[in-house]
Amino acid sequence: MKTVAQASSARREADVIIVGAGPAGIAALLPLLDAGRRVIWIDQSMRAGGQIWRAGLPMDWQRQLDSALRHPLLQTSFGCTVIAAEPRGQAPGALHGLRLQTPAATGSQALQVAAPQLLLALGGRERHLPFPGWTLPGVTGAGGLQALVKQGWPIAGQRVVLAGSGPLLLAAADTVRQAGAQVLLIAEQASRGQLIRFAAGLNASKATQAVSLAWRLRGIPYRAGTWVQAAIGQDRLQSVQIAQGQARWELPCDALGIGFGLLPNTELAQLLGCQLRPDGAIAVDEGMASSVPGIYAAGECTGIGGVDKSLAEGALAAQSLLSSQTLATATARRHALRFARHLATHFALRPELLQLADAQTLVCRCEDIRLGALKAHSDWRDAKLQTRCGMGACQGRICGPITESLLGWPAQQARGLRAPLQPGRLGAFAED
Amino acid sequence: MPDTPAADIQVYINGQAQRVPAHCHVAAALKRAGLAHSRRAENGQPRAAFCGMGQCQECRVRIDGLDHCLGCMTPVAEGMRIETQA
Amino acid sequence: MAAQSLPTRRHADVIIIGGGIIGAACAREYARQGLSVAVVEAGPIGGGATAASMGHLLTVDALDPADQIESDLSRRSLQLWQDWLLEQEAHRELAEYSRCGTLWLAADAEELDLAERKRDWFHKQGLAAELLSPEELAQAEPMLRRDLLGALHVPDDGRVYPPRVAARWLQEAQAKVFRARAVGFEGASVRLDDGRELWGAMTVICTGLAAQEQLPTGWLLPKKGHLAITQRHPGRVQHQLVELGYLKRAHLVDQDTVSFNLQPRPGGQLLIGSSRQIGRDDRELDPLLLQQMLRQALHYLPGLAELSLLRCWTGVRPASRDGQPLIGAHPRLHRAWLATGHEGLGITTALATAELLVQLSLGQATTLKPAPFRPERFQESPAHA
Numbered sequence: 004m005k006t007v008a009q010a011s012s013a014r015r016e017a018d019v020i021i022v023g024a025g026p027a028g029i030a031a032l033l034p035l036l037d038a039g040r041r042v043i044w045i046d047q048s049m050r051a052g053g054q055i056w057r058a059g060l061p062m063d064w065q066r067q068l069d070s071a072l073r074h075p076l077l078q079t080s081f082g083c084t085v086i087a088a089e090p091r092g093q094a095p096g097a098l099h100g101l102r103l104q105t106p107a108a109t110g111s112q113a114l115q116v117a118a119p120q121l122l123l124a125l126g127g128r129e130r131h132l133p134f135p136g137w138t139l140p141g142v143t144g145a146g147g148l149q150a151l152v153k154q155g156w157p158i159a160g161q162r163v164v165l166a167g168s169g170p171l172l173l174a175a176a177d178t179v180r181q182a183g184a185q186v187l188l189i190a191e192q193a194s195r196g197q198l199i200r201f202a203a204g205l206n207a208s209k210a211t212q213a214v215s216l217a218w219r220l221r222g223i224p225y226r227a228g229t230w231v232q233a234a235i236g237q238d239r240l241q242s243v244q245i246a247q248g249q250a251r252w253e254l255p256c257d258a259l260g261i262g263f264g265l266l267p268n269t270e271l272a273q274l275l276g277c278q279l280r281p282d283g284a285i286a287v288d289e290g291m292a293s294s295v296p297g298i299y300a301a302g303e304c305t306g307i308g309g310v311d312k313s314l315a316e317g318a319l320a321a322q323s324l325l326s327s328q329t330l331a332t333a334t335a336r337r338h339a340l341r342f343a344r345h346l347a348t349h350f351a352l353r354p355e356l357l358q359l360a361d362a363q364t365l366v367c368r369c370e371d372i373r374l375g376a377l378k379a380h381s382d383w384r385d386a387k388l389q390t391r392c393g394m395g396a397c398q399g400r401i402c403g404p405i406t407e408s409l410l411g412w413p414a415q416q417a418r419g420l421r422a423p424l425q426p427g428r429l430g431a432f433a434e435d
Numbered sequence: 024m025p026d027t028p029a030a031d032i033q034v035y036i037n038g039q040a041q042r043v044p045a046h047c048h049v050a051a052a053l054k055r056a057g058l059a060h061s062r063r064a065e066n067g068q069p070r071a072a073f074c075g076m077g078q079c080q081e082c083r084v085r086i087d088g089l090d091h092c093l094g095c096m097t098p099v100a101e102g103m104r105i106e107t108q109a
Numbered sequence: 002m003a004a005q006s007l008p009t010r011r012h013a014d015v016i017i018i019g020g021g022i023i024g025a026a027c028a029r030e031y032a033r034q035g036l037s038v039a040v041v042e043a044g045p046i047g048g049g050a051t052a053a054s055m056g057h058l059l060t061v062d063a064l065d066p067a068d069q070i071e072s073d074l075s076r077r078s079l080q081l082w083q084d085w086l087l088e089q090e091a092h093r094e095l096a097e098y099s100r101c102g103t104l105w106l107a108a109d110a111e112e113l114d115l116a117e118r119k120r121d122w123f124h125k126q127g128l129a130a131e132l133l134s135p136e137e138l139a140q141a142e143p144m145l146r147r148d149l150l151g152a153l154h155v156p157d158d159g160r161v162y163p164p165r166v167a168a169r170w171l172q173e174a175q176a177k178v179f180r181a182r183a184v185g186f187e188g189a190s191v192r193l194d195d196g197r198e199l200w201g202a203m204t205v206i207c208t209g210l211a212a213q214e215q216l217p218t219g220w221l222l223p224k225k226g227h228l229a230i231t232q233r234h235p236g237r238v239q240h241q242l243v244e245l246g247y248l249k250r251a252h253l254v255d256q257d258t259v260s261f262n263l264q265p266r267p268g269g270q271l272l273i274g275s276s277r278q279i280g281r282d283d284r285e286l287d288p289l290l291l292q293q294m295l296r297q298a299l300h301y302l303p304g305l306a307e308l309s310l311l312r313c314w315t316g317v318r319p320a321s322r323d324g325q326p327l328i329g330a331h332p333r334l335h336r337a338w339l340a341t342g343h344e345g346l347g348i349t350t351a352l353a354t355a356e357l358l359v360q361l362s363l364g365q366a367t368t369l370k371p372a373p374f375r376p377e378r379f380q381e382s383p384a385h386a
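Residue numbers (our numbering), protein chains in the order written: chain A, 4 to 435; chain B, 24 to 109; chain C, 2 to 386.
Hints are computed from structural coordinates only; laboratory data are not their basis.
Every residue gets a Cβ at the ideal spot worked out from N, C-alpha and C, and that includes glycine.
Incorrect hints may have been included.
Below, a sample of chain C positions facing chain A; criterion: calculated Cβ distance under 10 Å [to be verified]:
(1) 48
(2) 150
(3) 177
(4) 181
(5) 182
(6) 184
(7) 185
(8) 186
(9) 210
(10) 214
(11) 236
(12) 292
(13) 293
(14) 311
(15) 317
Label pairs and their computed distance ranges (CB to CB) [unchecked claim]:
(16) C:217 <-> A:328: 37 to 43 Å
(17) A:325 <-> C:217: 54 to 60 Å
(18) C:83 <-> A:363: 33 to 39 Å
(19) A:160 <-> B:67: 29 to 35 Å
(20) C:90 <-> A:253: 57 to 63 Å
(21) A:435 <-> C:126: 22 to 28 Å
(22) A:435 <-> C:377: 37 to 43 Å
(23) C:124 <-> B:67: 42 to 48 Å
(24) B:57 <-> A:49: 42 to 48 Å
(25) B:89 <-> C:365: 35 to 41 Å
(26) A:195 <-> B:67: 25 to 31 Å
(27) C:139 <-> A:49: 50 to 56 Å
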């Protein structure tokens, strides 16, 4: 084993660091390379695509990406996790620095990167709400199930229920069906009326996508105004309790993919001192600039809005970084934002979903803290100190938003963000 | 994503050799090996991968001797030793 | 002189400002003496320096005569801790108490000599302590690097989780908790930032560093520290580990220093410290200092490199000008008492502090000699440059 004295981390500098290799990062990368900027591109995954393009990019994007990956001005740090921010110097024009944990295979544990400009394309994560049985093996997020299946999770022949809210349920159903699963039901909590209004507001291109998806999912029961009340089973999922209006029924199944839309990933932005909007997304101006000079943000992390918004904002951010904004890109972003608002309006969550958890239901999965134990406390910090809620491995990522929804405890601000951003090898922090 | 038998590799799960498709992540490999859960919670409950994207930390396992590796974020590699934490 | 209208109703006999470990200990002790208590705390109970602390219950030796006062305070306090911990299993459980013991690590001849002299001191006091040879040390803690010369083992030291203890002591005291900040002190009344006024027979100020606001300049100073904690790695480390190398840094009074200190928590998480930055009261993580602290830890436990680091944070120790806490009558406020300035020993000395303060304020005979802790001592001797 390398002693601390020997190991020292590599340092790399560039003109721009892009954190995130999803659609927003990809859309920003290409124009930056074309303009001759040296780019360091970081993603926790071993390949580009983010969540939505995890299984592969649309063909023309793939072609562009393939040639970009061969570009001499690009250095990729895939499979690397950002664990801390280390700003270099206080003067204006000082570099933004990040410390990364590198994959175990490399000799050193850490990599330090620095650049005067940073683009955060951090993406979004699924929103989870607790209900009885939600911690059973067999219960996953809906986007979670899609992600797992794309990385080889065996689902062929399994009876799957998808539930929660949003178009992601359909995308997830599509993925699992293609992998050979039997989708028993897609339970959308939004009412039929909300869905009809959503569909009516889609532009031609989105409507076509929707029709094509609906065709692929023909034969799968899709119920509006329907939600999962409980997951039932001893050591793993055996059935789910469904609710629709006053009706209740139990449905035996092998897997439940359940998610309630997306939340922006903002931890790195917060660590860097970027301001957040009241809704929790990274605050950016018309040019995708954050509140910190030199730091830009694009995609789901500035507000959930789907792939079109991510592509438009990635391109817009690149233009801003190059000081060369075009009207076309700004317009594309405006259209994408309209869809984002449309999405948020028509998939708003019904109040019953916040009542599913009872006093015995776990809220903090890492430390096994039940809702009943949390209710005795007045705020997040008090609950954390007294019960350990939020002190576990996920550091409040899952339970924080839940306590905000169920208990009204204010979110981001109260959860003092510290390094490490994610758990990392101690050696990676100690390396010089 | 279709499995191609030719693209299988060998890993060790709790000491047992298993062949899994090369594109799998560790969490998927564990499920393919028939494990319904990959860890036990502090209260003893069986748990498995939940969020699928490195947030919830439920999929933690020991990989090649290192504890607390995320199964859903780690691709399998030839000869990898995976151990579930109880 | 205009007659003051007397309050017709008291909120409590004693109004304690500050809901950290010291305030909670005082609340409990006053209640044991039959008095009613109100506690004013703006944040979560035990949420200040108490939350940032390591929770190490350690015996401070008096090998150096200058440490005699601290040693006596810590020993009396540890006795009181044992009384409370042994009272009920429930106390030990909620406090997450572990009798992990302390290992003072000797890396060279000078440190080994110190370890031996400490051992002799412990024995003279009738306290348990033994010197471990390198072989015994390796057996006791396999993760330690193998070239250490030995260690002093103090088996009766332990650790607790202070925020829950503070909350429990307030419960035992049946304290009325006011979630507010005290902004004014007028004799027996305390004005809160929400406009309310609390009336009591006396006020006790246990606000840590914030007590400086009501004191002459320079009586209290901040000493910032960093801490880091790993995920659960059960069975790796058994004892609290502290390096004797702190000796070598004792003269670095004005510099930022790090010193190896590690505590195994009952669940298997390893809590790693420590650092000292004098005069810094901000809570920012200093990446360079953190790195130094972690490297120092790796120096003693190379295998730590593989473990999973979960979170880092800072805390600010409220230190006093001469290194001893201030326990006694408040030098400025009427009918008020003061208990603060515990620096890095607040948890260990909380109960003896409370005992002394309560005895003084109620005119009882004191178990410990109060003179070294009198707040007025700073008024009588001008500050040294």
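Structure-based check of all given hints:
Because the smallest distance between the Cβ of residue 48 of chain C and any Cβ of chain A comes to about 6 Å, under 10 Å, the interface hint for this residue holds. A hinted interface residue such as residue 150 of chain C counts as satisfied when its beta carbon comes closer than 10 Å to some beta carbon of chain A; here the least separation is about 20 Å, so the hint is violated. Given the 10 Å rule on beta carbons, the hint for residue 177 of chain C is violated: about 15 Å separates it from the nearest Cβ of chain A. Because the smallest distance between the Cβ of residue 181 of chain C and any Cβ of chain A comes to about 13 Å, over 10 Å, the interface hint for this residue is violated.
Interface restraint check: residue 182 of chain C against chain A, minimum CB-CB distance 15 Å, threshold 10 Å, status violated. Contact between residue 184 of chain C and chain A, as hinted, is not supported at the beta carbon level, the nearest pair being about 21 Å apart and thus beyond 10 Å. For residue 185 of chain C, the interface hint is violated, since its Cβ never comes within 10 Å of a Cβ in chain A; the closest pair sits about 24 Å apart. Given hint, residue 186 of chain C at the interface with chain A, is violated; its Cβ is 26 Å from that chain's nearest Cβ, farther than 10 Å.
The closest approach between the C-beta of residue 210 of chain C and any C-beta of chain A is roughly 18 Å, which is over the 10 Å cut-off, so the hint fails. A hinted interface residue such as residue 214 of chain C counts as satisfied when its beta carbon comes closer than 10 Å to some beta carbon of chain A; here the least separation is about 23 Å, so the hint is violated. At a threshold of 10 Å, the smallest CB-CB gap from residue 236 of chain C to chain A is about 17 Å, leaving the interface hint violated. With a least beta-carbon distance of about 6 Å to chain A, the hint placing residue 292 of chain C at the interface is held under the 10 Å criterion.
Hint status for residue 293 of chain C: holds, given a least beta-carbon distance of 9 Å to chain A, under 10 Å. Interface restraint check for residue 311 of chain C: the shortest CB-CB distance to chain A comes to about 5 Å, inside 10 Å, so the restraint holds. The interface hint given for residue 317 of chain C is violated, since its Cβ lies 14 Å from the closest Cβ of chain A, which is over the 10 Å cut-off. In this structure, residue 217 of chain C and residue 328 of chain A break the distance hint of 37 to 43 Å, their C-beta atoms being roughly 59 Å apart.
A beta carbon spacing of about 58 Å between residue 325 of chain A and residue 217 of chain C agrees with the range 54 to 60 Å that was offered as a hint. Remark: the range hint 33 to 39 Å for residue 83 of chain C to residue 363 of chain A is upheld by a beta-carbon distance near 36 Å. As the Cβ distance of residue 160 of chain A to residue 67 of chain B is approximately 30 Å, the hint placing it in 29 to 35 Å holds. Evaluation of the 57 to 63 Å hint for residue 90 of chain C and residue 253 of chain A yields a failure: the beta carbon distance comes to about 42 Å.
Between residue 435 of chain A and residue 126 of chain C the beta carbons are some 44 Å apart, a value that contradicts the proposed interval 22 to 28 Å. Between residue 435 of chain A and residue 377 of chain C the Cβ separation comes to about 49 Å, which falls outside the hinted range of 37 to 43 Å. A hinted range of 42 to 48 Å holds for the C-beta pair residue 124 of chain C and residue 67 of chain B, which are about 44 Å apart. Checking the proposed 42 to 48 Å range against residue 57 of chain B and residue 49 of chain A shows it is violated: the Cβ atoms sit about 26 Å from each other.
For residue 89 of chain B and residue 365 of chain C, the hinted distance range of 35 to 41 Å is not satisfied, since their beta carbons lie about 58 Å from each other. For residue 195 of chain A paired with residue 67 of chain B, a C-beta distance near 42 Å fails the hint of 25 to 31 Å. The hinted range of 50 to 56 Å is not satisfied by residue 139 of chain C and residue 49 of chain A, whose Cβ atoms lie roughly 40 Å apart.
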